[in-house]
Amino acid sequence: MKKLFPALIVFTLFLALPQLSQAQCKSFAKKVCKLELAPYIHDGNYNAAILTEGEDAELYKTFYAHQQYRIYICSSESLPDIEFQVLDVNRNILYDNRKNDLSKIWDFELESSQQLIISLRVKNSEGTSEELVSGCVAIMFGLKED
Amino acid sequence: MVGPCVYKAIKSIGFACHPVFIFKKKCYFYLQMKFVDNHSLKLVTMTKYLLRLSLLQLLAVFVAVGTFSGCKSEKEQKKNDDIVQVDSIGIDEQLIKDVRTVKEIFYSLPSPLETAMILKQAGAQYNEELLNPVDKTTGYVTNRSMALNLGIYTTDLSYASLFDQTQATIQYMDAAKKMADGLGVLNAIDDQVIERLEANINNRDVIMDIISETIMTSSSFFEENDRQAMSAIVLVGGWVEGLHIAASLVDPEAELSENELVSRVVDQKMTLNTVLKLLERNKQNEDVQEILTDMHELEKIYNKIEVTSSKIETVTDEETNVTTLRSQKKTSMSKDTFMELTEQIKVIRDNFTL
Numbered sequence: 001m002k003k004l005f006p007a008l009i010v011f012t013l014f015l016a017l018p019q020l021s022q023a024q025c026k027s028f029a030k031k032v033c034k035l036e037l038a039p040y041i042h043d044g045n046y047n048a049a050i051l052t053e054g055e056d057a058e059l060y061k062t063f064y065a066h067q068q069y070r071i072y073i074c075s076s077e078s079l080p081d082i083e084f085q086v087l088d089v090n091r092n093i094l095y096d097n098r099k100n101d102l103s104k105i106w107d108f109e110l111e112s113s114q115q116l117i118i119s120l121r122v123k124n125s126e127g128t129s130e131e132l133v134s135g136c137v138a139i140m141f142g143l144k145e146d
Numbered sequence: 001m002v003g004p005c006v007y008k009a010i011k012s013i014g015f016a017c018h019p020v021f022i023f024k025k026k027c028y029f030y031l032q033m034k035f036v037d038n039h040s041l042k043l044v045t046m047t048k049y050l051l052r053l054s055l056l057q058l059l060a061v062f063v064a065v066g067t068f069s070g071c072k073s074e075k076e077q078k079k080n081d082d083i084v085q086v087d088s089i090g091i092d093e094q095l096i097k098d099v100r101t102v103k104e105i106f107y108s109l110p111s112p113l114e115t116a117m118i119l120k121q122a123g124a125q126y127n128e129e130l131l132n133p134v135d136k137t138t139g140y141v142t143n144r145s146m147a148l149n150l151g152i153y154t155t156d157l158s159y160a161s162l163f164d165q166t167q168a169t170i171q172y173m174d175a176a177k178k179m180a181d182g183l184g185v186l187n188a189i190d191d192q193v194i195e196r197l198e199a200n201i202n203n204r205d206v207i208m209d210i211i212s213e214t215i216m217t218s219s220s221f222f223e224e225n226d227r228q229a230m231s232a233i234v235l236v237g238g239w240v241e242g243l244h245i246a247a248s249l250v251d252p253e254a255e256l257s258e259n260e261l262v263s264r265v266v267d268q269k270m271t272l273n274t275v276l277k278l279l280e281r282n283k284q285n286e287d288v289q290e291i292l293t294d295m296h297e298l299e300k301i302y303n304k305i306e307v308t309s310s311k312i313e314t315v316t317d318e319e320t321n322v323t324t325l326r327s328q329k330k331t332s333m334s335k336d337t338f339m340e341l342t343e344q345i346k347v348i349r350d351n352f353t354l
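If you read the protein sequences in the order shown, they are chains R and X.
Following the numbering used here, the numbering of the first sequence begins with 1 at its first residue and continues without gaps.
Following the numbering used here, the numbering of the second sequence begins with 1 at its first residue and continues without gaps.
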């Protein structure tokens, strides 16, 4: 029984890990990412996940005519750079941050409402490290009143 | 069934514990947990632990983890596959291959704050009669009704605050608090939030910030606690309320083609696709299934509206660095269809706020 106790600790820690990571991600998005949206107001939606280098994510959202938006891709410092593109529904590229020094911010407005896709990928680390790095990535949207 | 679960448990343990070696029929784990420090954002090692288990004990742990963690619903399994729980992990070729095929997909609906801003941008006026009365809060006792009305009251709150309706803003924040408390959302709207709101009731920027934070706290709470279905229901409630306000504010006698509010209602045809995907993803939940049926009714009417869009062109203002996405849209919709849509929105919204 004594020897099973450490096993139970590992088991408990194992089950708690996803929640710990998610809580850290929320705290990171709230304390760090939100600040970078200013002077835009954060829309309040929480789109964040723990991603590993080489991994990608996509977000589908309708953006409305005449509303000014800021997209901010916020990631942990431990992660390599993030590449992101904004695509239309036919996957035509409207913005690619690789052509803009891997900028994490893009400000835009639309003449007519459109459904767009935000596609991002965590780059692989340079060098020959034997460890894959993971961290929080949040896709934040800012709004501006006229 | 047991086979894949045990395999999954072994694979997951491999993520958290490394390296593992066997000596004299004992398994040795060196458990190293790393976290991102919120202040420095640097990777810090929190715990190191050396654990020794007999092969039998190890098997017991795998079976236990497999039972409790590996054998969840299909959706939860996929989610666990998608998320790597530690910041630094030992690797092998197969693991790299697995990770690279993983893809996280988000379906994002307009938040209550965005909905209110879109309404104002489209020329909406303030009409308190359209909002869900705050004295109905005591009637919402099921998770479904509280989640729907958390979204509805948060949209009403955002709408009232954008039109500088100070008294209504406080009342609707209080109504949203009751719904969040009922759903067990910790600290979404505590007394300090209400006090801060009252102290800054004439400062719209601060109010918007408070509302934004409130929305984020509740949505992230549901995500963290594996209650994605509740999160989806809250968002759909808020979205339907925005649709209800917009459609109700359209003058029935007005020309539809030149009306910005009508355009925003028609735009929701695109958002409805996202709503359906979000609900489909959570359809194992009975409350979601019910709402999905309502949304399919709405879809039938939206399918009668034809919308075509020209190719999008981008133009960036060098001074402001703001890009404009230029495109033209053509909508074909009869007045009868719009009236039918308005009626269906009313039916669904009345059902949500019963």
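Mixed in with the good hints, there may be bad ones.
[Claimed, not checked] SDA-like, lysine to any residue: derived pairs with alpha carbons at most 20 Å apart:
1. 144/R / 250/X
2. 144/R / 329/X
3. 311/X / 109/R
4. 329/X / 58/R
5. 329/X / 104/R
6. 277/X / 109/R
7. 99/R / 316/X
8. 31/R / 192/X
9. 144/R / 323/X
10. 283/X / 273/X
11. 104/R / 293/X
12. 283/X / 293/X
It is worth saying that the hints were derived from the structure and are not from the lab.
Cross-check of the supplied hints:
1. 144/R / 250/X: Measuring from Cα to Cα gives roughly 24 Å; hence the hint is violated.
2. 144/R / 329/X: violated (23 Å)
3. 311/X / 109/R: Holds: residue 311/X and residue 109/R sit about 16 Å apart, inside 20 Å.
4. 329/X / 58/R: violated (25 Å)
5. 329/X / 104/R: The given pair, whose Cα atoms are some 30 Å apart, is violated under the 20 Å limit.
6. 277/X / 109/R: Violated, at about 25 Å.
7. 99/R / 316/X: holds (14 Å)
8. 31/R / 192/X: At roughly 18 Å apart (the allowed maximum being 20 Å), residue 192/X and residue 31/R satisfy the hint.
9. 144/R / 323/X: Roughly 14 Å between the alpha carbons, so the hint for residue 144/R and residue 323/X holds.
10. 283/X / 273/X: Holds - the C-alpha atoms of residue 273/X and residue 283/X are around 15 Å apart, at most 20 Å.
11. 104/R / 293/X: Not OK: residue 104/R and residue 293/X at ~39 Å, beyond 20 Å, violated.
12. 283/X / 293/X: holds (11 Å)
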